[in-house]
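What follows is each chain in one-letter form.
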Amino acid sequence: MSVIPSAPDPFAHDRGGPAQPLLSVSGLYKHFPVRKAGGKKQVVRAVDGVDFNVLKGETLGIVGESGCGKSTTAKLLMGLIERDSGTLLYDGQAVGERAMPWRSYRRQVQMVFQDSYASLNPRMTVEQSIAFGPKVNGVPGREAVERARALLARVGLEPKRFAGRYPHEISGGQRQRVNIARSLALEPRLVLLDEAVSALDKSVEAQVLNLLLDLKAEFGLTYIFISHDLNVVRFISDRVMVMYLGRVSEIGPSDTVLDAPAHPYTEALLASMPSLDPDNRTQVALLQGDPPNPIDPPRGCRFHPRCGLAEPICGDKEPPLDAVGPLHRVACLARQPSSGHSAAPARALAA
Amino acid sequence: MMLIYILKRLVYVTPVAFGVSLVCFMLVHLAPGDALSAVLPADATQETINEMKAAYGFDKPLPVQYLIWLWHVLHGDLGTSIATGRPVLGEVSRAVVNSLILASVATVIGFTFGTLFGFVAGYHRNSVADRAASALSVFGVSVPHYWLGMVLVIVFSATLGWLPPTGAGPDGSGNWRPDFDHLRYLILPAVTMSVIPTGIIARTVRALVADILAQDFVEALRAKGMDEFGVFKHVVRNAAPTALAIMGLQLGYLLGGSILVETVFAWPGTGFLLNAAIFQRDLPLLQGSILVLAMFFVVLNLLVDVMQTALDPRIERA
Amino acid sequence: MNAPITASAMALDGGVLAPSDVAPEAAFVPSRGFWGHVGHRLVRDPVAMGAGALILLIVVIAILAPWITPMDPYKGSMLRRLKHVGDATYWLGSDELGRDMISRLMLGARLSLFIGVTPVLIAFVIGSAIGILAGYVGGWLNTILMRTIDVFFAFPSVLLAIALSGALGAGIFNSIVSLTCVFVPQIARVAESVTTGIRKRDYIDAAKLSGASPLTIMRVQVLGNVVGPIFVYATSLISVSMILASGLSFLGLGVRPPEPEWGLMLNTLRTAIYANPVVAALPGVCIFVVSIAFNLFSDGLRAAMEIRQ
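Protein chains in written order, with our numbering: chain A, 1 to 351; chain B, 1 to 318; chain C, 1 to 309.
One or more hints might be untrue.
Stated by the list, open to error - Derived DEER-like restraints, expressed as beta-carbon distance ranges:
1. C:Ser-193 x B:Leu-7: 22 to 28 Å
2. C:Ala-129 x B:Asp-227: 55 to 61 Å
3. B:Lys-224 x A:His-168: 37 to 43 Å
4. A:Gly-67 x B:Val-108: 35 to 41 Å
5. B:Gly-161 x C:Tyr-74: 31 to 37 Å
6. C:Ala-129 x A:Ser-66: 38 to 44 Å
What the hints assert, rightly or not - Only some residues are given here: those of chain C computed to face chain B with a beta carbon under 7 Å:
7. Tyr-233
8. Ala-272
9. Gly-284
Worth flagging that the hints you see were computed from the coordinates, not collected in a lab.
Ideal Cβ placement from N, Cα and C applies to all residues, glycine included.
With these hints in hand, go ahead and build the complete structure from the sequences.
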């Protein structure tokens, strides 16, 4: 008998139908106040106007340099920090309003954190950590524990051996499997993986990625996969979103974005990517110019001070995120027709 | 940059200082009964009581009393001792000088022996010297110092007769002077009081030295061919800011915590004054001495902070 | 529609049970849990165990004192004052009023332990509550509570204890109250910093995401992780508290005669330091021994709790 009433069909308890995005984010802003010496109030524009959709059943990869707003976006999506403005539509319903309060939204959207040790309570056994969520949501104690054991088995940890262990008694890869099991304990439809495999050894990383793919197929999950590692993102994602200084610079199918990038920043990221040799993971900075400062971002296109295609207009006009191909959208004036940039294509592509 | 840091510390310390003054003020009002009952005769008429209350300002509401008191304090007027009728400030100042002498000498003794034991122990981890230093520091923080004072009196005064048991000088006067006769009176209380800082400084310095010696740069210095004395100088330079900060704080603790030892040795300092104020229920004197001692501690903390920051470039002045 | 999840189903799932990640150790070690580990390590620390045994012995003597003292601790005899240690009747001598020292020291353990340990226990409860609240809620509540506590930190602890005791007047109750006031800010500060550290951990965020209420998170996820470190810190204060409590009695601000209490006995025997110095110093030896035992036990407990990955 099953103790995880799983939903292999992603549209089993679907409201809006397959065409309706599972999560629709628009106009998301988050500025953190900072006080510089001299007392002048300033803000870090961590997330500065972000729009994107997460389609049902897909894996959306989010990439970018550290400090580009990936993790802040993740926390905003989970409601762990409050957004300044913007709307989240979950399956067509506004999150935080009466039809979809945070409480019921969170039951369907879960998160796996980067630090496998810090995300498990050191005083709780693996089984207690997994069963905690179901218990506070009204599942009777014994049933919650049974569900925890079944999930442990499902992520490849034999319950008899691992259920009673404490986080410090198991390896990093095993802990991340526990975290994945916990995120599934509330039967979510969307799982947000924030650098979830970044801290693991390469061989363990591959196993966990395979596990994630298996679980996705089995439970009909949708993933948002945040990583700085383009190889991993290419492996797991259907679509990729590139972020730069709190904004989306390019979004599209992962083959297109990672093989034929349209945005100069994506090109630079790909060029600075190390070879596929896992021993050589140091990133060579091929990006020219000053590192970005999210307190005082450049006017116009945020990437223009570091961009090889930059023209005077790039410092004046902020490029909109416009379609350049099927499902492929880019925020770059050099790719957008009649933008005023000399390299701009003559006519609009059919999106 | 340093100036901005000092200003920031001052801004932070000011509300604390006001809080301290409020606590000192409230102390008197915690006291059971009336502040005047100790001095008034039992058969005083209501008229006399009211007259006295008005004279000391006890007839006004508390917040008003506090503001008036604070106003006087800020102008250097700590009130009048109920028992002696003399200004509190004068009484406290004389006592503070005596206490400061005792606490400073004790701190210097504690710092000297503490750093000595700390360095030996830190250089030779897990040796006999290290164990002895650890034992000494546990002894220092565990021993009831008032009892240690008694034991020293028993040994050196009562049994051997080498040193005087009590007082600050041969003439029984209240003021210590820097001469041989007075020095003999200083030895026992100073040694007694030095036990706590010795233990604490030894423990801190041992950890500091062991930490520094375990760092990579020491290995690099030795690899570059620096002799042991050169390495030692580096260790001292790196350990000094923390050790000096601990010493400064210990001076404050000793000054504020000297009451027990001063009572044992009848040393005419603030502790002795506090003791007298408590048992004569001389509340203005109690209030004044505690305010002075606490403010001294606040200022000392501030100085230690600033000094440590100035000496140690690793601390961010944010 | 719903695929049953069973062990056989996952055995089919190739690649998940890869040998390098799972099953690095063959032998199954039954889990002890955190306190199990601490206990296990503590038992192997001879110094801490010795100190613990000594504390236990003194506590037992204190509890049983009224029934096991060899003589009446209150009944004196002016003819038999200040007998020396080793006396045939008075094994540890007699005090300035001719009362049996060993009986008084045994009964004295009761009051000394009581006035020394009680303030730390009360302060542990109050200080933890304030500190955990400030640390968990954060924001302006944290600012108000912690700035208030800073004011009390501006007093050296001996001074604060004596000031409060002096203002409140002599007595056991007042002495406990003033020592509690000394230790509450210290414990609250530690509790606040431990809680603030825990609050930032990802597992607290994970608990929030599972929909648990703040109270449940506090009870299930926070409390278990903060109580241990705060408790260890509190045990390290017992030694100071014993010295201070007896010190207050020594000054005449705590226990009143004729009750036997070590600090008070030390005070009344000061007149006897010429006639019988060894007996005069005995109560201090008791304070010292208990204080050092608590310090060593607390050090051992701290070391046993430092469990790294």
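Do the hints match the structure? See the list:
no.	hint	result
1	C:Ser-193 x B:Leu-7: 22 to 28 Å	holds, 26 Å
2	C:Ala-129 x B:Asp-227: 55 to 61 Å	holds, 56 Å
3	B:Lys-224 x A:His-168: 37 to 43 Å	holds, 40 Å
4	A:Gly-67 x B:Val-108: 35 to 41 Å	violated, 51 Å
5	B:Gly-161 x C:Tyr-74: 31 to 37 Å	holds, 36 Å
6	C:Ala-129 x A:Ser-66: 38 to 44 Å	holds, 39 Å
7	Tyr-233	violated, 14 Å
8	Ala-272	violated, 10 Å
9	Gly-284	holds, 3 Å
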